[in-house]
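Asks: Quick note: the sequence shown uses my numbering, first residue 22, plus one each step.
Keep in mind that the hints are not guaranteed to be accurate.
Each pair of labels, with its calculated beta carbon distance range [what the hints assert, rightly or not]: (1) P126 <-> R205: 33 to 41 Å; (2) L202 <-> D426: 35 to 43 Å; (3) E338 <-> G75: 37 to 45 Å; (4) P34 <-> D132: 44 to 52 Å; (5) A280 <-> R415: 35 to 43 Å; (6) E77 <-> A376: 44 to 52 Å; (7) T429 <-> L375: 24 to 32 Å.
Think about it this way: if two alpha-carbon atoms lie no more than 30 Å apart in a straight line, the pair counts; the simulated DSBU-like pairs of lysine-lysine are [stated by the list, open to error]: (8) K201 <-> K68; (9) K201 <-> K410; (10) K410 <-> K346.
If you are wondering where the hints come from, they were derived from the structure by calculation, not from laboratory data.
Ideal Cβ positions, reconstructed from N, Cα and C, are used throughout, including at glycine.
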Amino acid sequence: METSTDYARPYRPLPVACLNRAGRLARRLGRDDALDADQMIAAARRKTGLCDFGDEWFREPLGVLVESINAEARLTPVGARIQRSRMVAALSTRLRVERLLREHPEIRDIDLGPIILIAGLQRTATTALHRLIAADPRIRALRSWEALNPVPLRVDGAGGRFARWRLGRRDRSRRTWQGKLAARALRFLAPDFQTIHPIAYDAPEEDVLLLDVSFMSQSPEAAMHVPGYAAWLEGRDHTRSYEDLLTLLRILHSQRPGAAWVLKTPHHMEHLDVILEVMPDVRIVQTHRDPKVSIPSFCSMVAHARGILSDHVDPEEIGRRWMRKTRRMMERSMQVRRDAGDAVFVDVSYYDLLADPLGELRRVYDAAGIEFSEEAATAAAAVSARDVKDRHGRHVYAPASFGLDDATIDAACDFYRQQYRIPDEAAGLAAAPRSRG
22 METSTDYARP YRPLPVACLN RAGRLARRLG RDDALDADQM IAAARRKTGL CDFGDEWFRE
82 PLGVLVESIN AEARLTPVGA RIQRSRMVAA LSTRLRVERL LREHPEIRDI DLGPIILIAG
142 LQRTATTALH RLIAADPRIR ALRSWEALNP VPLRVDGAGG RFARWRLGRR DRSRRTWQGK
202 LAARALRFLA PDFQTIHPIA YDAPEEDVLL LDVSFMSQSP EAAMHVPGYA AWLEGRDHTR
262 SYEDLLTLLR ILHSQRPGAA WVLKTPHHME HLDVILEVMP DVRIVQTHRD PKVSIPSFCS
322 MVAHARGILS DHVDPEEIGR RWMRKTRRMM ERSMQVRRDA GDAVFVDVSY YDLLADPLGE
382 LRRVYDAAGI EFSEEAATAA AAVSARDVKD RHGRHVYAPA SFGLDDATID AACDFYRQQY
442 RIPDEAAGLA AAPRSRG
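Build the full structure now, drawing on both the sequences and the hints.
Replies: Right, dumping it as structure tokens:
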């Protein structure tokens with residue numbers, strides 16, 4: 022199976038097409054299905070039976086995001102329902118976090134151990150590296166079902182019940198079931214997306230989904246046309262959102278501890294300065310690949326993601342926006358490295374990772390001060406053998422679809438390519454340099 026390149030006509034299962042038709046008719050008859058922040062906050066309170074959010078600093082980013090979606094995103098009726106559901110879920114998580122921490126403040130003091138944080142650009146083997154490390158049973162990674170519900174759905178009171186909710190099988194079953202349902206729903210809505218970025222309910226997942234709980238992440242601008250929100254986000258201090266991320270990791274760690282953590286999302290490239298301030302004992306891994314391949318590949322992923330929620334997908338706008346965004350991510354990450362020095366950074370070449378995955382893993386482990394055990398090597402080898410290229414189908418895309426060409430990408434990214442000695446993928450890799458440590 023090959024992915025579609027007809028971005029102007031997103032795939033629609035028949036039931037979804039019918040629901041959208043009915044929703045558009047309702048809109049013409051005057052039904053207002055615009056998102057409303059106050060209504061979603063009220064819905065989260067009803068859903069959880071909880072009222073106290075604690076510090077409500079999140080209201081500003083939530084309000085900006087809602088305004089941008091209503092004014093710019095042009096969501097389908099089903100797309101609007103999906104976004105409303107996701108935001109209510111995020112708000113419900115915030116309520117559960119506040120209740121849990123009030124009754125178990127000791128969670129705030131949990132030591133996560135060493136953190137390996139993968140912060141490479143999109144489509145540069147960040148997912149592959151993430152899953153290889155997460156295969157190690159000693160290293161904790163966020164799982165898809167946990168990303169949907171990082172906090173127990175039912176929080177018992179104090180008085181010795183901490184262990185009960187932490188190990189409760191019934192709660193875990195409910196959360197994993199919801200994870201399975203979400204993965205099936207995504208495959209139903211957008212089968213091509215599974216080819217581009219395979220998702221399973223129990224697979225390692227990007228912690229950008231935990232940043233979504235603060236309404237301060239790249240997720241909305243990847244999934245929707247929200248330039249107003251994206252511009253606002255670039256001008257904000259992200260310290261609070263990363264502090265909340267750390268709190269969520271501690272809550273997850275309290276439920277299932279590990280000797281270390283591995284995190285991953287390209288979003289981190291914009292905020293490495295905040296990460297170095299907020300996260301203790303972090304080792305940052307940056308993956309590198311020819312931007313002439315990685316940027317169009319990601320633009321295709323964005324086009325398919327936007328097509329889930331909207332009938333209006335403009336590939337050339339996506340190309341312009343993410344070309345600029347990618348350059349910004351390059352510049353910001355390089356500036357932090359100039360200021361902080363390279364001591365906490367590890368560079369991994371996409372091409373070296375393909376050629377010698379276990380050798381590259383050993384370098385990362387050594388840099389993080391974690392033993393690369395025989396058990397870790399065996400588990401990683403099994404994942405490497407399983408996750409072969411195109412096993413879910415062939416991802417087809419062309420730079421021209423997004424108004425891009427090799428010369429444009431090279432001109433914008435040459436400074437980055439030179440810094441990390443990234444080869445021209447189309448020219449062959451016989452002379453490709455080894456990764457920099």
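Asks: Confirm or reject each hint.
Replies: Hints, verified against the model:
1. Between P126 and R205 the CB atoms are about 38 Å apart, so this pair conforms to the stated range of 33 to 41 Å.
2. Under the hint 35 to 43 Å, the C-beta atoms of L202 and D426, about 42 Å apart, fit the expected range.
3. In this structure the supplied range 37 to 45 Å holds for E338 paired with G75, their Cβ-Cβ distance being about 38 Å.
4. Taken as a hint, the range 44 to 52 Å holds for the pair P34 and D132, whose Cβ atoms sit roughly 46 Å apart.
5. Taking 35 to 43 Å as the suggested C-beta distance range, the pair A280 and R415 conforms, at roughly 38 Å.
6. In this structure, E77 and A376 meet the distance hint of 44 to 52 Å, their C-beta atoms being roughly 50 Å apart.
7. In this structure the supplied range 24 to 32 Å holds for T429 paired with L375, their Cβ-Cβ distance being about 26 Å.
8. Annotation: proposed proximity of K201 to K68 holds, straight-line Cα distance about 21 Å (limit 30 Å).
9. Pair hint K201 plus K410 holds up; C-alpha atoms about 24 Å apart against a cutoff of 30 Å.
10. About 27 Å separates the Cα atoms of K410 and K346, which keeps this hinted pair within 30 Å; it holds.
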